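Read top to bottom, the protein sequences are chains A and B.
62 is the number that this note's numbering gives to position 62 of the first sequence; each next residue is one higher, with no gaps.
125 is the number that this note's numbering gives to position 125 of the second sequence; each next residue is one higher, with no gaps.
The reader is advised that the hints may include incorrect statements.
SDA-like, lysine to any residue: derived pairs with alpha carbons at most 20 Å apart [claimed, not checked]:
hint, chain 1, residue 1, chain 2, residue 2
1, A, 32, A, 70
2, A, 145, A, 128
3, A, 7, B, 9
4, A, 7, A, 44
5, A, 7, B, 53
6, B, 188, B, 238
7, B, 233, B, 177
8, A, 4, B, 188
9, A, 4, B, 47
10, B, 188, A, 136
11, B, 19, B, 6
12, B, 188, A, 44
13, B, 9, A, 44
14, B, 188, B, 177
The following label-pair restraints were derived from C-beta to C-beta distances [said to hold, decoys possible]:
hint, chain 1, residue 1, chain 2, residue 2, range
15, A, 100, B, 145, 46 to 54 Å
16, B, 140, A, 124, 55 to 63 Å
17, A, 94, B, 24, 52 to 60 Å
18, A, 123, B, 241, 50 to 58 Å
19, A, 123, B, 85, 50 to 58 Å
20, B, 191, A, 139, 12 to 20 Å
21, A, 101, B, 13, 39 to 47 Å
22, B, 42, A, 83, 46 to 54 Å
23, B, 244, A, 101, 53 to 61 Å
24, B, 241, A, 9, 53 to 61 Å
What the hints contain is simulated information worked out from the structure, not anything from laboratory work.
Model, not experiment: these values are computed from the prediction.
Even glycine gets a Cβ: it sits at the ideal position worked out from N, Cα and C.
What follows is the residue order along each chain.
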Amino acid sequence: MSLKMLKFTLNGEPMEVPVSPSDMLVDVLRDKLELTGTKKGCGEGECGACTVIMNGKAVASCLVPALKAMGAEVETVEGVAKEKAHPVQEAFMDLGAVQCGFCIPGMIMSSKALLDENPKPSKEEIREAISGNICRCTGYVKIEKAVEAAAQKLQERG
Amino acid sequence: MLQDYYIPKSIADTLALLKDNNGRARIIAGGTDLVLDHQAEKITADAFIDISNIDELKKIECSDGYISIGAAVTHNQVARSQLIQEHAIALAQAARAVGSLQIRNIATVVGNVVNAQPAADTAVALVALGAEAEINSFSEVEYVPVEDMYAGLGKSTVDSTSQLVTRIRFAVPERNQGTAFVRLCQRKALALPMLCVAAMVSLKDDKFEWVRLVMAPVGPKPIRAAKAEEMLKGSPVTDEVIEKAAQLALENANPRSSLVRGSREYRMGVLPVLIKRALVAAVAQAK
């Protein structure tokens, strides 16, 4: 069984990494590329902790064979902040939406995927966007408020 | 352990890969069920053939009186498609109910059907729509009704190591026809259906011309409420008739008690309510 070279764009930069056909994207990101911001909660696509953005869509990276990302644009939580924190990250911090923090990278990616596509989401749309991300600590209220606040901030920025 | 992961660019290349690999390679589209089944060794494959990059398979199209959904079209694309929302709302609703947004962004509707789970939401809606699948083998193309694609519990008649489903299509519903999809589940996301019902009605002069009424999981595959459908044919569209149909549906339903789906008793109690809701909604859609 031979390794294949996975070529894709990661957080805006071209990336090449040898992978085996059985590797899942989450493991390649965490183990081979040492980007451990993406978490592995269940390995079955049932918790959302492994959420990354692939070609503009939020996906569960534990269910994505690594080679499926060939030629794709992948964003992980490590790439969200540029010179400073993204409004979505600021809002999560300012509004107390983070407790233990384990679900948060997945929540950030689901929220960012939503706001990138829909800058003025309704409460319902926010809830649908994070409905695949499970949180044990917060009860979701502040997370939802943080996404609303981030949308507001992004609109004010123009 | 997979030995190979192929990413063909065309249907022809895919069929060639299937042939050359002689049963050791398996089609993968979204793969959200497939990768887990493979890891758990419930299915075998030495290689995957990933069809999600084939442009021809990524389309939702309307032509020659059919709406067709390509094999690489995701649940989210179907749920958000204006074409589907306008003409076959039951399918849009069904697609929207599956898994979570992350899963719907990658999992395909055709894959949902081929995976052959008894209550695959989009399959239930597609049976109500009278849909058929276009299945490519090396030498031929055949059309098989979705309803007939079940070889047993969790088993498709399609062999994904030698066949490729390229699209699923259904006749565009007429103006006097309506569809609806209703689902009972424990959570609003990441939940399998305890029960789901899809209905398609064709009305004429305030009577039911015909009805397709599909329910699941009340058997090893999506089940037609045949006795109810028979009774509805030619009957006037009234509350009493719909109530009678809802009760008759029980005669074709045989749910097991299950920790995941709920008890048989509860679901037999609730099923008529869902049937009624589906019929009422489909009728409203048709008018």
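Among the hints numbered above, which are violated by the structure, and what are their numbers in rising order?
Hint check: 4, 6, 8, 13, 14, 16, 18, 19 fail, others pass.
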